[in-house]
Amino acid sequence: MTGNTPQSIIGKLWDSHHILTDEGESLMYVDVALAQENTLHAFTALDKSGRKARKPQQIFAFTDHYVPTTGRAKGPAGIPDAGIRNMVIDLQDMAAKFGVTLFGMAHEQQGIMHIVPPEQGIIQPGLFVIGNDSHTSTHGAFGCLAYGVGASEFAHVMATQTLWQRKPKAMRITIDGELGFGVSAKDLILALIAKIGVDGATGHAIEYAGSTIRKLGMEGRMTVCNMSIEAGGRVGLIAPDEKTYAYVEGRPYAPKGKAWEQALDGWRALASDDGAKFDREVALDAVQIAPTATWGITPEHALPITGVVPDPAAVKDDKKRAELETALDYMALRPGMALQDIKLDRVFIGSCTNARIEDLRAAAEVAKRGKAKITTWVVPGSMAVKRQAEVEGLDQVFIKAGFEWRDPGCSMCTAINGDYLQPGERCASTSNRNFRNRQGPGGRTHLVSPAMAAAAAIKGHLTDVRELIR
Amino acid sequence: MQAFTTLTAIAVPMHEANIDTNQLCPTRFNKVPRGPKYREILFYDSRFRPDGTPTEFMLNAAPYDQSGIIVADRNFGCGSSRETAVYALYEFGIRCVIAPSFGDIFAANCAKNGLLALTLPEEECAAIRRQLQDKPGTKVSVDLAAQTVTDVEGKVHSFEIHEVRKRCLLEGLDDIARTQQYAAKIEGFEKGYYKDRPWLTARA
Ligand code: SF4
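Keeping their order, the protein sequence lines are chains A and B. Mapping of the first sequence onto my numbering: residues 1 to 470, in sequence order. Mapping of the second sequence onto my numbering: residues 1 to 204, in sequence order.
Any given hint could turn out to be false.
As the list claims (entries may be wrong) - These stretches of chain A come out as covered by chain B in the derived footprint (C-beta under 8 Å, 3 or more residues):
no., region
1, 82-93
2, 147-157
3, 408-421
4, 434-441
For the record, the hints were derived by calculation from the structure and aren't laboratory data. C-beta: ideal position from N, C-alpha, C; glycine also.
From just these sequences and the hints, can you work out the full model?
Written out as structure tokens, the structure is:
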């Protein structure tokens, strides 16, 4: 404890999990660890060294990256590609061998590793969460310190329930004001990344604060925290409040009865103290944010949908110019063309950024108003989201609009399960990365919000959703 | 883990910023078990056409097919946490990447696999890349103990590195063994942690 010095939530979470310091590195206690099929590299390494999971009940494994999003009746055995099938089966076997909880392919709560744990109440305020996936930052939305780690660090966590870390610098991003009509959490985070850059938060843990953030529901907060890594921040979090507690309450892993009351007392003390010091402060005015789309090959290549593709010739800095040229070349776009004139081949609504129920509601609201001109997929983030959407009739809205309604998984966000773009195909996607080849070799990605994606589906090109829903 | 002490190797300049881990190891190869096959996987989509024939990409031909060092631009290794990106570099023979900044997770992954992700200021990286451009195939030297890089023209650049990362690399130390020395402290911490947070005991 630091006595009366005001502390940020980042500092509080850090201190409460800090075991010891060795040569300037901190050994941190890990509450929850999240694995996916690619974590097999960690399981295998651990297995080879003859080590066990120290606290298997605090480790959760998910089949999401490799599972097919259609034709799943036969379970893992029915996956046609042997390489993909083995990833799913091998993870299930390893989970059993190490005694960790598995949300496998046939589980009724199956889904993406950043969507299921909050649904299950596994994620609660105040935890140190690590995941073998860079978008583990998603869980910061609950007031957790949530880090993505590689396979070696994951193996270390499994063996010791701890992680060596150096304390990140603290950065506060304050967003105030009302989000405009048709503007969502996704637009907010894209606009923020465009402002601070893809390495704008490198080495920092971000606290998102301000009235705009407070107004967002938990789904929107998760969308924002999810993409912290696209701004270079390994951690992005939001102090818990009544919305957070209401979301967690009653979920399977949430504390109950007296424990719930004790938890609330603990969680209420987490928010940054008045006067807490941050190494960096950034402010953003929510009113300025428009529905946004990316035109290039990094998430910072984002502009309001009313904008035009930038012209490298107008850029003085040689390096910046070369970067723009590379991007335009890959994306096959002309400088100066209106973003809204960019014709599309596909639309993907899904991923841990935007496949929660609120996202699907926003997309359905737009889908109601027309029919898809191009192949459009909706891939819910989890079985729970899928069931909820079906209860609300959203699946029928999508199907009537000619959108495909599929089973949960990462799908075309990372194009690893057999769902991918053909070379040269152009896709409006609600996922988080528009890197070259991300959605399949030669595929071109435009990142947008769920509502913007549905609007693009109806028009066949990038479009301003505000004109459709006005 | 293999130790890293000194290295003198052919260095390949990569001028582009933001080279992400998906370029280093395209997603579909993540399922390949760790091993020599990763030599071919490194930058696969840049090195091979869809029909599998090699492209003109630098790493496909001499002298750069023998590279041991990459000199890059900012934000190298950003994106996905996949450690396969590091396996691919390693199997190709790359032991050191020099750049103005790195993706955080990538830098950590490097350290766990005996690779040195070394930071030099932007202008110094650019200068070394220019030298390499002028004299392709020349060697650059790195001395971890001394924390220096000697460039093509013999100029010495000092770099900063965290003490622990340095020691682990120099000694090839396994992290888990290091931590297990503190088993008693971890257990002690845990007791206090759960005592203060009774609502968490159900999961511990
Ligand atoms: S949906 Fe995409 S970003 Fe999210 S965990 Fe899956 S692959 Fe990663």
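These are the hints, each one checked on the structure:
no.: 1; hint: 82-93; in the structure: holds (count 4)
no.: 2; hint: 147-157; in the structure: holds (count 8)
no.: 3; hint: 408-421; in the structure: holds (count 3)
no.: 4; hint: 434-441; in the structure: holds (count 5)
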